[in-house]
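In order, the protein sequences belong to chains A and B.
Going by the numbering used here, the first residue of the first sequence is number 1, and it counts up by one from there.
Going by the numbering used here, the first residue of the second sequence is number 397, and it counts up by one from there.
Quick caveat, the hints were computed from the structure, so don't treat them as lab data.
Since this is a predicted model, take the numbers as computed values, not measurements.
The beta carbon of each residue, even a glycine, is placed where N, CA and C say it ideally should be.
Hints are not guaranteed to be accurate.
[Stated by the list, open to error] Cβ pair distances, simulated, as ranges:
| no. | chain 1 | residue 1 | chain 2 | residue 2 | range |
| --- | --- | --- | --- | --- | --- |
| 1 | A | T299 | B | Q513 | 26 to 36 Å |
| 2 | A | V358 | B | S472 | 44 to 54 Å |
| 3 | A | V313 | B | S425 | 27 to 37 Å |
| 4 | B | Q487 | A | F285 | 29 to 39 Å |
| 5 | A | R12 | B | G508 | 19 to 29 Å |
| 6 | A | R386 | B | Q487 | 14 to 24 Å |
| 7 | A | D109 | B | Q513 | 53 to 63 Å |
| 8 | A | R13 | B | Q487 | 15 to 25 Å |
| 9 | A | R16 | B | G524 | 26 to 36 Å |
| 10 | B | G508 | A | V264 | 54 to 64 Å |
| 11 | A | T299 | B | S472 | 22 to 32 Å |
[Stated by the list, open to error] Residues from chain B that keep clear of chain A, each with C-beta distances beyond 12 Å, as calculated:
| no. | residue |
| --- | --- |
| 12 | N402 |
| 13 | E409 |
| 14 | H527 |
| 15 | G538 |
| 16 | E540 |
| 17 | I570 |
| 18 | E603 |
| 19 | V618 |
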Amino acid sequence: MNLLSVAAKDIRRRKRSVLPVALGVAVGIMAVIGTLTVANAGEARLRAELEKYGPNLSIRPATGSLAMHMGSLDLGAVVVGDNYIPQDMLPDVQRIADNAIRMEMGLSDDGTIATVAPRLYMPTVVKDVQVTLVGVMPMEERAIRSWWTFTDGGYLEGDGEIVAGSFAADALGLKVGDVVEVAGRQFTVAGSLKESGANDDYLLFAPLPTVQTLYDREGYVSTVDVRALCTACPVEMIAHSLNGTLPGIHAVAVRQVAEAEMRVQDRLRTMMLSLAAVTLAVGLFGVANALSAMVRERTKDIGIMRAVGASRVQIVRVLLFEAIVFGIVGGVFGYLGGLALAAVIGPIVFDGMRVVPVASHVPLAIALAVAVSLVASLRPSLVAARTRVADTLRST
Amino acid sequence: MLELRNVWREYGEGNARVVALRDISLSVSEGQYLAIMGPSGSGKSTLLNVMGGVDRVTRGEILFDGARFDALDEESLTSFRRGRLAYVFQQYHLLASLSVLENVMLPLVFSGRSNDQAPALTVLEKVGLSHRMAHRPSQLSGGEQQRAAIARALVGNPALILADEPTGNLDQTIGRQVLGLFDELNREGRAIVMVTHNPEVARRASEIVTIADGCIAARDRVPSCSSENEPFGSVEGAPGRSRIFSAWNGRKLMDTTRQHEERRKT
Numbered sequence: 001m002n003l004l005s006v007a008a009k010d011i012r013r014r015k016r017s018v019l020p021v022a023l024g025v026a027v028g029i030m031a032v033i034g035t036l037t038v039a040n041a042g043e044a045r046l047r048a049e050l051e052k053y054g055p056n057l058s059i060r061p062a063t064g065s066l067a068m069h070m071g072s073l074d075l076g077a078v079v080v081g082d083n084y085i086p087q088d089m090l091p092d093v094q095r096i097a098d099n100a101i102r103m104e105m106g107l108s109d110d111g112t113i114a115t116v117a118p119r120l121y122m123p124t125v126v127k128d129v130q131v132t133l134v135g136v137m138p139m140e141e142r143a144i145r146s147w148w149t150f151t152d153g154g155y156l157e158g159d160g161e162i163v164a165g166s167f168a169a170d171a172l173g174l175k176v177g178d179v180v181e182v183a184g185r186q187f188t189v190a191g192s193l194k195e196s197g198a199n200d201d202y203l204l205f206a207p208l209p210t211v212q213t214l215y216d217r218e219g220y221v222s223t224v225d226v227r228a229l230c231t232a233c234p235v236e237m238i239a240h241s242l243n244g245t246l247p248g249i250h251a252v253a254v255r256q257v258a259e260a261e262m263r264v265q266d267r268l269r270t271m272m273l274s275l276a277a278v279t280l281a282v283g284l285f286g287v288a289n290a291l292s293a294m295v296r297e298r299t300k301d302i303g304i305m306r307a308v309g310a311s312r313v314q315i316v317r318v319l320l321f322e323a324i325v326f327g328i329v330g331g332v333f334g335y336l337g338g339l340a341l342a343a344v345i346g347p348i349v350f351d352g353m354r355v356v357p358v359a360s361h362v363p364l365a366i367a368l369a370v371a372v373s374l375v376a377s378l379r380p381s382l383v384a385a386r387t388r389v390a391d392t393l394r395s396t
Numbered sequence: 397m398l399e400l401r402n403v404w405r406e407y408g409e410g411n412a413r414v415v416a417l418r419d420i421s422l423s424v425s426e427g428q429y430l431a432i433m434g435p436s437g438s439g440k441s442t443l444l445n446v447m448g449g450v451d452r453v454t455r456g457e458i459l460f461d462g463a464r465f466d467a468l469d470e471e472s473l474t475s476f477r478r479g480r481l482a483y484v485f486q487q488y489h490l491l492a493s494l495s496v497l498e499n500v501m502l503p504l505v506f507s508g509r510s511n512d513q514a515p516a517l518t519v520l521e522k523v524g525l526s527h528r529m530a531h532r533p534s535q536l537s538g539g540e541q542q543r544a545a546i547a548r549a550l551v552g553n554p555a556l557i558l559a560d561e562p563t564g565n566l567d568q569t570i571g572r573q574v575l576g577l578f579d580e581l582n583r584e585g586r587a588i589v590m591v592t593h594n595p596e597v598a599r600r601a602s603e604i605v606t607i608a609d610g611c612i613a614a615r616d617r618v619p620s621c622s623s624e625n626e627p628f629g630s631v632e633g634a635p636g637r638s639r640i641f642s643a644w645n646g647r648k649l650m651d652t653t654r655q656h657e658e659r660r661k662t
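Required output: the full structure, derived from the provided sequences and hints.
Dropping the structure here:
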């Protein structure tokens, strides 16, 4: 027998007194885990929403320009370098982006992670109106611009089809099913995009190989957008790797989007953690009260132990050990309760949210519960240990 | 062995001040059997608590084997008490969650000898409770619980046992058995200080100190004579003293207390 078994046997005997304490701890932890689980799921959902905002990375040809002046007369600019990116560079872009993401996020799979969407911009005239025809890879483009919706029709399916941006469709009077001649070739209008406020509203889109053939630009693209499909992706690092490895291109991280994403996430997390802290503090008071009551109930036992030779430190140890047991029990039940709570309130907060248990929440719940129990029991334990033996025994 | 010098114990302050012990000087020598008597509220239990170091003195000194322990801090006092003195209470005060053996082992656990069961088994055998050591206190009779409490007091092999009305909750027959156990411990050389309000119990001691209103009202050496017919005198090797003494002592207590009260009033 030792001090711990003295405490353990006492807990077993006092099941009814112990229950409110463990329950108090469990309720506090349930609130915290419930909040964190909802926050976690909400964050994942937000991340998915944010993915729709556009590419993380934009690659352009590494051209330079030199402004020419004669006195106050502007003579234009001399462009230095190629205006196109060789298409055979795209596998390298894919590989470099994937490797950087794997390294940063500790992934080991060798599948494709980033989406690489090239575009070829060619000026053209349709129905006597100057517009820009953009060659795109339909699947990749759709993945990267997932917010595209159509007022009419649908997406590119064959190489003889075009999709018109909302203003382009209006300006050219295009309707789904119309046949229109572009650069000497007949195209069928497959769909018109809903207004998005972006440049896409003014463009016409056709399959990349078709546009390349039409304008004799096989093997070249104008820009490449890269979407890493993760919120905390190392876009700066990917851009740096691309610029250092591939000649003739200039990769730019779309910082604003990434930073905005991070700010929104940070605020969400801070708000959720603040709520969790408040619930934990409320739980702490409840547990402290229940523990105080339980320690008062044990005054006689504490007096007996002191009378037969227990030091104050040993009494505090026995009581704190009991608090640790309450913490572990309360932590486990609090975790399970938290998941149940998240399943109930999660879908109310975030429409269609799915509760996903987070493994790291188990040790967190137990550690928090033990900490709460210890903090709550510290004062009553010290008070109990300081009580004079003669008083405790006289009062019983 | 134990010496109290001009000990005062006061509770509260101002108008609420209560003097529980007034200028008590008393000594307990090795192997002595001392009974403390007095009416309820006279300060008997307070005196016992002060002697055992579970209550603090307001003034005065307490020495054990020449060393002052009243001025020690709580932790040092706890260490000091271990193995030197032990308590037996009227209410037994066993922990309900532990078995008899575990209760007896408690002093060993607190003194860092958790794995040393042998002394506990020995004292349980001594008090005749070996067959009940796995039982909980609630499964024992009052006499058995008090014997378990005595075993717990003995396990640390103390030189002095302080007993606060140890037969107060027991019927006469069981009380006799328990008192016989104290007599035996005294014969082994342990000093015993026993608080009681029962003259029949007190007359087993070699000296009786009568407390009234916090003062020592009388100190009497008990006449050494015996009778086999007296209620508490004939069991388990009790030294036995006369029934006449028993009656004498009861009258003396009342007289002494009355005289003391009259002196205080005047």
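Hints, one by one, checked against the model:
1. T299(A) to Q513(B): 26 to 36 Å: holds (29 Å)
2. V358(A) to S472(B): 44 to 54 Å: This hint holds: roughly 50 Å between Cβ atoms.
3. V313(A) to S425(B): 27 to 37 Å: Taking Cβ atoms as reference, V313(A) and S425(B) lie about 34 Å apart, which means the hint holds.
4. Q487(B) to F285(A): 29 to 39 Å: holds (35 Å)
5. R12(A) to G508(B): 19 to 29 Å: Holds, at about 24 Å.
6. R386(A) to Q487(B): 14 to 24 Å: Holds, since R386(A) and Q487(B) (Cβ atoms, about 23 Å apart) stay within the stated range.
7. D109(A) to Q513(B): 53 to 63 Å: For Q513(B) against D109(A), whose Cβ atoms are near 60 Å apart, the range 53 to 63 Å holds.
8. R13(A) to Q487(B): 15 to 25 Å: holds (18 Å)
9. R16(A) to G524(B): 26 to 36 Å: For G524(B) against R16(A), whose Cβ atoms are near 35 Å apart, the range 26 to 36 Å holds.
10. G508(B) to V264(A): 54 to 64 Å: holds (58 Å)
11. T299(A) to S472(B): 22 to 32 Å: holds (24 Å)
12. N402: N402(B) clear of chain A: closest Cβ-Cβ about 20 Å, beyond 12 Å.
13. E409: Non-interface label on E409(B) holds, nearest chain A Cβ at 16 Å vs cutoff 12 Å.
14. H527: Its Cβ never comes within 12 Å of chain A, the nearest being 20 Å, so this holds.
15. G538: Correct as stated: the minimum Cβ-Cβ distance to chain A is 16 Å, above 12 Å.
16. E540: It holds; E540(B) is separated from chain A by about 17 Å at its closest Cβ, greater than 12 Å.
17. I570: I570(B) clear of chain A: closest Cβ-Cβ about 22 Å, beyond 12 Å.
18. E603: holds (24 Å)
19. V618: holds (28 Å)
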